[in-house]
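Chemist: With these hints in hand, go ahead and build the complete structure from the sequences.
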Amino acid sequence: MDPFALIWWIVLLPLGGALVQALFGGAVVRGLGPQNGKKVMGFLAVLPVALSFLLGVAVLQAHLEAGAGTERTVVLAPWIDLAALKVDFAARVDSLSLLMVLVVTGVGALIHLYATGYMAEDRDYTRFFTYMNLFVVYMLVLVTADNLPLLFVGWEGVGLCSYLLIGFWYRDLANAKAANKAFIVNRIGDWGFMLGMFLILVCIAASVPEAQTDGRWLDFGFILPRAATYLADRPELATAIALLLFVGACGKSAQFPLYFWLPDAMAGPTPVSALIHAATMVTAGVYLVSRMHIFYVLSPVASAVVASVGAFTALFAALVAFGQTDIKKVLAYSTVSQLGFMFIACGAGVYWAGMFHVATHAFFKALLFLGSGAVIYAMAHNQDLRNYGNLRKYLPITCWTMFLGYLAIAGVPPLAGFYSKEAILGGALASRHAAASVAVWAGWIGLLTAALTAAYMTRLTVLTFFSGEERWRRLQPAHAHDGHHGHGTEMAVHPEDHSHSAHAPHDHEDPHGFFYTDEELAARAEPEEHHHELEASHEPKEAPPSMTFPLVVLALLSVVGGWGLQHWAGLQEFLQYPGVQLLPKGTIQEHPHGVPLMALSIGAAALGILYGWIVYRRGLPAKEGFDESAWHPFRRWAGRQFGYDDLVVHTGVQGGDLVAKSLWKGFDAGVIDGIANGLGVLACGLGRGLKAIQTGFVRSYALLMLAGAVALLAYMVAVLTRIGGGN
Amino acid sequence: MEGIWGAGVAQLAPTQVGGPMLLFAVLAAVAVASGVGVVAFNSPVRSALCLIANFLSLALLYFTLGAEMLGIIQVVVYTGAIMVLFLFVLMLLNLAAPGALRESRDLRRLGAGALAAALFVLVVVQAVLPLQEAASPQAADYYGTPMALGRALFTEYVWPFELASVLLLVGIVGSILLAKRRV
Amino acid sequence: MGEVRSLMAPLWMYLALGAFLFATGVVGVVSRRNPIVIFMCIELMLNSVNLTFLSLARFAPWLPVAHELEPKAWMGGPAAVIFVMAVAAAEVAVGLGIIMAIFRLRDEVDVDEMNLLRG
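Chains as they are written, first to last, in the numbering used here: chain A, 3 to 729; chain B, 1204 to 1386; chain C, 180 to 298.
Among these hints, one or two may not hold up.
Claimed, not checked - Here are the simulated lysine to aspartate or glutamate pairs, EDC-like style, with alpha carbons at most 20 Å apart:
#1 Lys251(C) - Asp1344(B)
#2 Lys41(A) - Glu158(A)
#3 Lys41(A) - Asp126(A)
#4 Lys625(A) - Glu471(A)
#5 Lys693(A) - Asp291(C)
#6 Lys179(A) - Asp659(A)
#7 Lys1383(B) - Asp286(C)
#8 Lys543(A) - Glu471(A)
#9 Lys693(A) - Asp286(C)
#10 Lys1383(B) - Glu270(C)
#11 Lys251(C) - Glu1359(B)
#12 Lys543(A) - Asp386(A)
#13 Lys179(A) - Asp647(A)
#14 Lys179(A) - Glu522(A)
#15 Lys543(A) - Glu123(A)
#16 Lys663(A) - Asp675(A)
#17 Lys251(C) - Glu1271(B)
#18 Lys543(A) - Glu158(A)
#19 Lys41(A) - Asp124(A)
#20 Lys543(A) - Glu472(A)
#21 Lys395(A) - Glu471(A)
Since the hints were derived computationally from the structure, they do not count as laboratory data.
Just so you know, these numbers come straight off a predicted model, no measurement behind them.
Modeler: Written out as C-alpha cells, the structure reads:
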C-alpha cells in the first residue's frame, strides 16, 4: 500500500481514541472499578498517539527515500466543491509537515503516558483523555493540511481543545475564566488569520487568468509557487497578507501584545501545559509563518515586524520571569520568550532554524513542564518556589532529568538548545535579508535574552533542587499558602486573579440572579479529592514510573537531539522549505559557523548561569521572600507583567463592558424601545385626541352629518359639475 | 321668502298671476309658517299641531300637482296615523307641559342654522335656478290616478314594493317587541 | 283634468318650497332636545322630499320604459313617495317605541342626557 496514504491514518487514529474515551470510558471505569478501569482507559489513550508516531516514522522513511525535498498531497475526500472554489480534505506530506507530525505524536505520546500517572486520582480521567486525544487530532490536521481552510479547521480546533483543557477543573471559577481568556485572545488572532486568508483569496484569485485554474485558490500547492509572480509588483499587498497572518500567529503563539493568556493558562493540569502550551499548540504560529514564508520573503517590512516583535517578546518575557514565584509561571514566561526566539528566526529569514528550535524546544520544555509536574505532585500540589529547596535528595530522577533540561534551555553545548539557539542567533546576526538591520538588532537582543534565560532558569533550578535548606520545613501548621482552594486550582496565588473572581456578580448588575454569588460557588465547589496540605513534616516522594519514564526519554532527547539533528547532513536540506529555492539567490544566507558566534553564545549562557548560582546558591534571599513589600521594586513590577495584563484586562474588559452597557441602555433601551413604546404612546395620544369627537351627544353627531352632507354637496356643485361640463 | 316669491313671479313672464298662483301662494305660506312653527315652538303639542297643518297643506299641494291618490294617502297615513301616534306618545309621556323641557341656546343652533342656510342656497343655485323655464308639465294627466300608480308599482317598481312590505312587517314586530314589558 | 292642470305653479316654486322646508327640518333636528320633536322635524324633511319628487315627476319629460302599460310619465316620483311614506311609518312606529322604552328606564327624555356612548 502506498505508504503516504498512512498520513490520514496518522491524523485519524487519535480521533478514534477520543471517541473510545468519550463513549466507553465512563462505562469501563465504572465496570472495572477505578483502579483497573483507569489503567485500561489510560492504555487506550496512549495507544493511538504512539501508533501515530510509529506510522509517522514509516512515512518519514518513505519520504526520505523518495527525496527529502519532495512534496505530495494525499486527498481523503472532497469538502467544498463549487465552481468558484474547490477545497479538499487533503494532507500534505513534505518535510515541514512530517517534522511537526513527529514532534506532535512523539512528544504527545510521552506526555499522554505521563498523564496516566499524573491524573490517576482525578475523577474525570476519561474526559481528560478525550480532550487530549482530540487535541492531537486537531494539531495533526493543522500541520498536515494542504490548504488554508483545513489548516484553519485545525487552528480553531486546537483553540477549542485548549479551552476545554485549561478549564478542565471547571468548578473553580478562576479556571473557567482563564480558559475564557485564552480562547478570547486566540479569537483576536483568528480574526487576523481569517482576514489574511480572505486577502490571499481575493488578491490571487483576482490576478489569475481564468484558464490556469480550476478553483483551488487556497491550496498551498497553488498559492505558494505563484505568490511571487503575482505579488512581485505589489509589495504592499504581500505586507498586508503577511502582517494579518502574523496577527493570527501572535494570538496562537503568545507573542506581544497577545501573550497574556499563556500565564493564566497554567490553571490547567500540568500535562496540558506541557503538551499544548509548550510543545505543540503554541508552535502553530511558527509553523504558519514558516509555511507561508513566501509572503514574508516578499515583504521586508513584514519580516522586520516579525523579527522585532519576536525580539521584544523574548526580552519582555525573560524579564517578567524573574518576578515569578510559581514554578509553572516561570516556565510559561520561558515559553513565551523561546517563542520569541523562533519568530526572530522567521523574521531574519532562517525559517529552518525556527523549525529546528521548535523541535528542540518541544523536547526540553516538555521535559521541564513534566518535571515541574512531578515536583508539584511530590510537594502536595504546592507550586510556590519559595517552599521548595534541596529536593535533589528526595526526587533524584526528577532532579537530574530536569537538570538536563535546564542545561538544554540555557544553551550549554552539546545539548539540544545550544544548537538551535546558535542557529537562530547566527542567522539573525549574519542576515543579509532586505530588512537586515532589524534582524541584526533582533539577534543582539536575542543574545541578551539568552543570558537572561540562563539566569532565571538557574534561579528556578537552584531554588528547587540545589539550595541547602528545605524551606517547607519553615511552614507554620495550617499555613498552606494557597490551601483554601482545595484541589481546584493549580495556579499560584496571584493577587490579580482573586480580585477578578471577587468582583463576580453584584446584585445591582444581576437583577435576575443569573450568576452564582461567591458564597454559592463555594458551596457548590465539591472538594475534588482530599489532599493533605503542605506541612512542615511533609516528606516528598518520587513520582511513579509512568511519570518518570517520559522524563527520562525526554532528557535523552534533549541531550542528543540537537547534536543528532545538527550533524545529520540532511537536516538543513530536510528543513529547508522546497519553495525557497525558487527565490533568487542571495536573499537567504546560512549563518557562518565561525568561532566568534559560538564564543558569544556560550559566553552568554555561562554569564547567566554564574549569576544565578552566585545569587541563589545559599537559598532564597531575604529580599525575595514571602513578604512582597520587601522585594526590589523592579522585581515586583516584573511580577505584575509590568502592568500590561492589568492594562489590557481593565481597558478591554471594562471598556467592553462600558460599550455594551451604553449600547444597551442608550441605544437598545433608549432608542429602539423608545421608538416601539413611542409608537404606542403616539397611538394612545391619537386615540385620546380623537376621543373628543365622541361626545355622546346625538345632536352633535347630527350636526356633523349635516356639515358633511353640505360639504359633499358643495364639492359636487363646485367641482364635479364643472368637470362634467353640465350645470 | 316673500322676496323669492316676488322675484320669481316678476321674472317669469309666461306665468300668469291668477287663481293657481294665488292658491299656491296661500298653501305655500301655510306650509312655511307651520314648518317654522314645528321647529320654533317650545311646546311639543304645538309643534305637533303645526306639523298637522303642514301635512294638510302639502296634501293640497299634491292635489294641485294632479297627484290625487298621493294627496289622499298623505292625509290618511301621515296626518291620520302618524300624527295621531305622535300625539298619543306625547300624551302618554306627559311631555305636553311647556316647561317640561327647556331648550338651550348653544352654538349648535347657530351652526345648524348656518349649514341649513348653506344647504338651501346650494340647492337653489343648482336645482331651482336652472329649472326656471320648466313651466309646462310633461307627465300624462292620469299619472296620479290609482290605476297608474298601481301599474307602476306592480311592474317597474315591484322589488322595492315587496321590500317595503317586508320593512313594514319588521316595523310591526320591532315595535311590539319594544313595547313589551320585560317578562 | 284640464282644470287641474291650470292649478299648478311653475316647477321651481315647488322645488324652492321643498328646499326651504328641508332646511327648516334640518335646523330642527339639530337644535331641539325633545326626541319627539326631533322626529317631527325628520317627518318634515321627508315630506319636503316627497313634494320634490312629485313636482319633478309632474314636470319631467317621459322616457320610454319597457312595459307599455306604464303611464307616460316618470313614475319613479310617485313610487318613491309611496316608499318614503312606508318607511316613515315603520320608522315612526319603531322610533316611538324606542323612546317609550327609554322613558320607562330613565323617566326623562332629553337627548342631551343620553350620552352613554361617549368615548
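Chemist: Of the numbered hints stated earlier in the document, which are not met by this structure?
Modeler: When the structure is compared with the hints, numbers 2, 9, 18 turn out to be violated.
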